[in-house]
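Per our numbering: the sequence shown = residues 33 to 486.
Note that these hints are calculated values from the structure, not bench results.
Because the structure is a prediction, the values reported are computed rather than measured.
Some hints could be false.
Restricting the straight-line Cα-Cα distance to at most 30 Å, the calculated cross-link-like pairs of lysine-lysine (DSSO-like) are [said to hold, decoys possible]:
| no. | residue 1 | residue 2 |
| --- | --- | --- |
| 1 | 339 | 465 |
| 2 | 243 | 255 |
| 3 | 465 | 356 |
| 4 | 395 | 465 |
With beta-carbon atoms standing in for the labels, derived distance ranges [to be verified]:
| no. | residue 1 | residue 2 | range |
| --- | --- | --- | --- |
| 5 | 310 | 244 | 46 to 54 Å |
| 6 | 88 | 211 | 50 to 58 Å |
| 7 | 228 | 271 | 47 to 55 Å |
| 8 | 348 | 223 | 26 to 34 Å |
| 9 | 364 | 244 | 56 to 64 Å |
| 10 | 106 | 154 | 36 to 44 Å |
Glycine residues also receive a C-beta, built at the ideal position from the N, C-alpha and C atoms.
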Amino acid sequence: MRRLSLRARFWLLTLVIPFFVVSAGWVVYVAYQESLERAHIDRLSAHLYLLLAAAEPSGDSLQLPEELQESRFNQAQSGLVAVVRNSDGFIVWQSRSSLGLPQTLPWLAPETEPGRIFHRRVDARPGYLQVQLPALFAVDSGLVENGFRRYVFEVWQQASLLEQESRSFTTTLSIGLVIVTLALCAIVALFLGWALRPLQNVTRELGAIEKGEMDTLSENYPKEIAALTHALNTVLDVERRQRERYRNSLGDLAHSLKTPLAVLRGAIDMNEEERRRTLGEQVARMDDVVTYQLKRASAGGEGVWHKPTPILPLVTRVTSVLQKVYADRGMYCEINVAEDVAFLADEADLMEMLGNLIDNAFKYGDAEVSIHASGEVDGFVTLSINNDGPGIPAHDWEKALQRGVRLDSRPIGQGIGLSVVRELVESYRGELKLASGVSDGVTIEMIMPGRVVS
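Please take these sequences and the hints and turn them into a complete structure.
Structure follows, in structure tokens:
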């Protein structure tokens with residue numbers, strides 16, 4: 033199943049924007065409706081108190097002015113009507129704005145005690161918002177309720193006035209929400225292009241590398257992508273170094289075999305004994321050359337790409353074998369390597385390196401070999417192997433690490449062990465160094481990427 037691209041995922045995320053905008057708009061709309069109705073009720077309540085203040089008892093009835101201070105009460109069909117009723121619901125006074133109403137305003141008994149305002153919506157056609165205030169007045173006759181007559185003051189406002197304001201706000205709100213949604217989508221589109229530009233640049237540069245137009249990715253990327261580009265550059269460098277190592281090893285192999293082949297070709301004219309001796313020497317030499325070049329070409333390299341390999345188990349394994357090999361010499365081996373110190377290298381390569389170095393220490397030491405590993409320093413671990421043998425003069429240290437160079441007169445080997453180790457160590461971007469021993473002899477330091485593991 034093909035996975036969605038990052039761009040498609042971003043656009044799917046933007047579908048949430050209209051949902052949140054509409055939700056926010058709905059909350060604003062509901063809050064505005066409640067606020068609008070509350071404002072109208074407060075305004076009608078104020079008109080109601082002004083109407084109550086204008087009422088004066090006169091004999092057995094109330095006296096109210098023909099015109100009120102609010103001009104809409106004095107205009108026919110203004111949508112704002114004032115009414116005063118007696119306790120039976122009969123209209124005793126109404127404002128001039130009631131003229132021309134399609135029907136009489138219905139009587140709705142108040143649901144509150146005198147002196148308290150009550151409001152409600154009336155669904156009659158047209159719809160109304162009604163505010164009522166029952167009040168008691170002392171009059172000359174018709175005494176009720178402990179000497180007071182009950183009147184109900186009412187203010188009616190057509191709901192269409194409130195709905196008109198609501199529609200105006202709703203239209204403005206809808207236009208605003210559409211503009212906000214489009215603006216947010218545009219911002220997301222711009223942000224998407226800006227955020228994905230580094231990835232597009234990486235893709236373009238990888239294409240250029242594939243065509244041979246570039247060697248590595250540039251480092252000018254945000255830190256979230258810089259780790260990726262650094263890792264890709266490391267992979268490219270490893271692949272390039274490995275390719276160069278193969279090419280150089282094949283070239284060196286071909287060059288190294290020329291001399292033995294020429295000698296073998298000349299052995300045709302030799303007598304039987306000389307031919308046999310020459311054949312054995314050159315075959316052994318060719319075998320060493322092939323072995324060396326194969327090890328050089330197949331070096332693991334780049335320790336950052338390997339899991340930590342603890343040093344102590346490998347050192348213990350190698351020394352236990354060599355102590356049996358050199359048992360007749362009674363060699364003593366001191367190991368000072370912590371269990372949690374590890375190299376970032378392939379185990380087979382480490383066995384090859386440690387086997388060569390520790391074997392040389394046993395071979396050229398007189399009685400004692402010591403192996404010590406330091407802790408991690410700047411991502412590197414140092415393994416020191418010291419013996420108490422005759423040592424190597426300082427001016428010969430570099431020469432001792434060169435292929436085919438022997439500094440002793442022993443016939444064993446071809447002098448390529450240290451050079452193989454050096455090639456392997458350098459393939460991991462490490463370093464192999466020689467130094468004077470603690471007392472006598474020589475110390476070989478193998479510095480390679482490593483860490484302390486928990």
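Okay, the hints, checked on the actual structure:
Our distance criterion of 30 Å between C-alpha atoms is met by residue 339 and residue 465, whose separation comes to about 24 Å. For the suggested pair residue 243 and residue 255, the alpha carbons sit about 27 Å apart, so the restraint of at most 30 Å is met. Taken as a hint, the residue 465 and residue 356 pair is honoured in the structure, with Cα atoms around 28 Å apart against an allowance of 30 Å. At roughly 19 Å between alpha-carbon atoms, residue 395 and residue 465 fall within 30 Å of each other, so this suggested pair holds.
Taken as a hint, the range 46 to 54 Å holds for the pair residue 310 and residue 244, whose Cβ atoms sit roughly 47 Å apart. Restraint check, residue 88 to residue 211: a C-beta distance of roughly 55 Å satisfies the suggested window 50 to 58 Å. Between residue 228 and residue 271 the C-beta distance comes to about 27 Å, which lies outside the given range of 47 to 55 Å. In this structure the supplied range 26 to 34 Å is violated for residue 348 paired with residue 223, their Cβ-Cβ distance being about 58 Å.
Take residue 364 and residue 244: their Cβ atoms lie about 58 Å apart, and the range 56 to 64 Å holds. The hint said 36 to 44 Å for the Cβ distance between residue 106 and residue 154, and at roughly 23 Å that hint is violated.
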